[in-house]
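2 protein chains.
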Amino acid sequence: MLKIALDCMGGDYAPIEIVRGGILAAKELGYKVYLVGDQEEIESILKKSGELNNPNLEVVHAPDKVEMNEPPSNVLRKKQSSLYVAGMLVRKGEADGLVSAGNTGAVLAVGKFIVGAEEEVERPAIGVALPNPKGKTVLIDVGANVDSKPRHLVQFAVMGHTYAESILGIKNPRVGILSIGEEEGKGNELVKETYPLLKQTKLNFLGNAEGRDIYAGTFDVIVCDGFVGNVILKASESLGLAVVQMIKEEIKKSWLAKLGAVLLMPALNNFKKKADFTEYGGIPLLGAKKPVIITHGRANAKAIKNAIKVAGEFLNTNFNDILVKNLKTLIPEEAKV
Amino acid sequence: MLKIALDCMGGDYAPIEIVRGGILAAKELGYKVYLVGDQEEIESILKKSGELNNPNLEVVHAPDKVEMNEPPSNVLRKKQSSLYVAGMLVRKGEADGLVSAGNTGAVLAVGKFIVGAEEEVERPAIGVALPNPKGKTVLIDVGANVDSKPRHLVQFAVMGHTYAESILGIKNPRVGILSIGEEEGKGNELVKETYPLLKQTKLNFLGNAEGRDIYAGTFDVIVCDGFVGNVILKASESLGLAVVQMIKEEIKKSWLAKLGAVLLMPALNNFKKKADFTEYGGIPLLGAKKPVIITHGRANAKAIKNAIKVAGEFLNTNFNDILVKNLKTLIPEEAKV
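These protein sequence lines map, in sequence, to chains P and R. Those letters in the first sequence? Residues 1 to 337, per this note's numbering, in order. Those letters in the second sequence? Residues 1 to 337, per this note's numbering, in order.
This is chain P alone, in the form it adopts within the complex (with noise of 0.2 Å):
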């Protein structure tokens, strides 16, 4: 049985949304889920829920919690903060995976920190799979690093490679490096130097993408720098809340836009659950030695549900075998620089 350590504390909904989230995937799923948290709001939450006695639900007490808006890094000394707690658990092997709303730069310290990388791999990062009109683009690193070097990005291909074959079922995904201009040569010296060792991989490399690649449909997988990826996907997401608001105060102008708005309504919802990354059950961490599940704040019990299921497909695909026979075969020793 699959078991996943559930941060109960960290999220704009917490503890209530995560720990229903927990007894969903408890009793959906067959899951064993450590709730791991302040075991008296928990068990309250359990309580009115019916589910004390549910064995696949377990309490873990941890006393404290980390901030959203903390350092991230103060959860490395805040032992007793849930998030904390539930990294020790899968650090230990109590549980198999991770999966947290909290605070993300503390959950990334947690996954990089406490679960630690795989075998072969030098900087777990984070693989996000961004809707386009056709299917799905894995952008990675999207902000576990910055400054990353060569050889980090060759690795960060493999991982995305990896997610985007054995978890979004893409055959040998096209993969790209994320520059500014089409032809090999262009780009800054992160990507002059980066071009050249991803040529000799055993990877579908199609050469540079664009940032109108992104959202195109055009490569599987693109490659970038955790700070690039960073800013973009964030701005992303302050686009879209932009447009929206910009359009709502367009709209509030005429009562027959209004009609409009209230028949498209539910058209609009349909894509937004497209659309809506968030939706899917959260962000990996690629490369950490077991699943580290990363949420979006506002998570409900269903988004946590899907977060956790998605660290059950990870588990069931033996994603990290997978991941480090890829980067044993596909990179040659030339390209490890």
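Be aware that one or more of the hints could be misleading.
Example chain P residues on the side facing chain R (calculated, C-beta under 7 Å, incomplete) [to be verified]: (1) V146; (2) D147; (3) P150; (4) I180; (5) L206; (6) E210; (7) Y215; (8) N230; (9) V231; (10) K234; (11) A242; (12) V244; (13) N270.
Because the hints were derived from the structure by calculation, they are not lab data. Think of the CB as a built atom: it goes at the ideal place given N, C-alpha and C, for glycine as much as any other residue.
Dock chain R against the given chain P, drawing on the hints supplied.
Same frame as chain P, but now just chain R:
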């Protein structure tokens, strides 16, 4: 009388829409416009428009052109191309500014190497005023430079400040440096080295901005390396296109939604006008000796006229004089490392 060199052979709708834009500018703004490109083609358009004898429109023959998909650096060898010839008109002082809808990289090359950098400016940079629900935020640099050094980012900040204040009319603009994480000390090496320098300037420096700040109206100027700015800008454009396409596909599935879309159209068009930064009339290469305005490849006559108008605004406000003064007075010697 202001004199603008217009590259008539660059852009998706060249030469006809470009020439028509030049005609609009001559008639509505009263500027002299040098129409640079194939003399026969341009004169034929002028003739059809009844403007062959307009003294404010002067055709300058250039037999060659730079294609949209050509390596940008080619322009420096194509000395008979419309873009190069237009750049030379500015360099020689015959024209006061340059407008082109052509190959962006090639326009940049002409701006940097033919028009050249203004006194005090080490590297010209592209500043783009991006829309948000509260107004506009200048993102600089969005692609003129890669692998920028801290001192370049400090100059970009002053250029963005001057653009926001002199052209956009924003008083005491709030300046940030793009990073991941809000607190000082977060980010990559470039950000960590630049932060203390920006603190020493006389700019209204608020510290780190995050990707989510770009479209949120929380800063008036956000500084970044051109690689980062370029991929963000292009990703934003491609996200916009992807969202429109995905929503259209959802709308197709229901006639009620189709009706809703029709009713919403006027509001959406209003939004589009505000959001489409290409409608403002092009993007300036800040820090060039004379205004160099890059418009979208899809620019029509109106967009070209607007771009010429923007070039005029830079000249009429003595933008470059203010910029040079700001570079001298806002950056203390200690921050010029």
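Cut-off 7 Å, beta-carbon criterion: hint that N230 of chain P touches chain R: 4 Å, holds
Status of the hint placing V146 of chain P at chain R (closest C-beta pair under 7 Å): 4 Å, holds
Under 7 Å is the threshold here; is the Cβ of Y215 of chain P close enough to any Cβ of chain R for the hint to stand? 4 Å, holds
When the nearest CB of chain R is found for E210 of chain P, is that gap smaller than 7 Å? 6 Å, holds
At a threshold of 7 Å, is the proposed contact between P150 of chain P and chain R supported by beta-carbon distances? 14 Å, violated
Close enough to count: is the Cβ of N270 of chain P nearer than 7 Å to one in chain R? 5 Å, holds
Any CB of chain R closer than 7 Å to the CB of K234 of chain P? This interface hint holds because 3 Å falls under the 7 Å limit.
Return the status of the interface hint for V244 of chain P: holds when the least beta-carbon distance to chain R is below 7 Å, violated otherwise. Violated. Min distance 9 Å.
Chain R contact restraint for D147 of chain P - C-beta distance below 7 Å: Where the cut-off is 7 Å and the nearest Cβ of chain R is about 5 Å from D147 of chain P, the hint holds.
Once the shortest beta carbon distance from V231 of chain P to chain R is found, is it less than 7 Å? Result: holds, 4 Å to nearest chain R Cβ.
Given I180 of chain P was flagged as interface, is its beta-carbon under 7 Å from a beta-carbon of chain R? 4 Å, holds
Hint validation: A242 of chain P versus chain R, beta carbon distance must be below 7 Å. Holds or violated? 4 Å, holds
In summary, the numbered hints that this structure violates are 3, 5 and 12.
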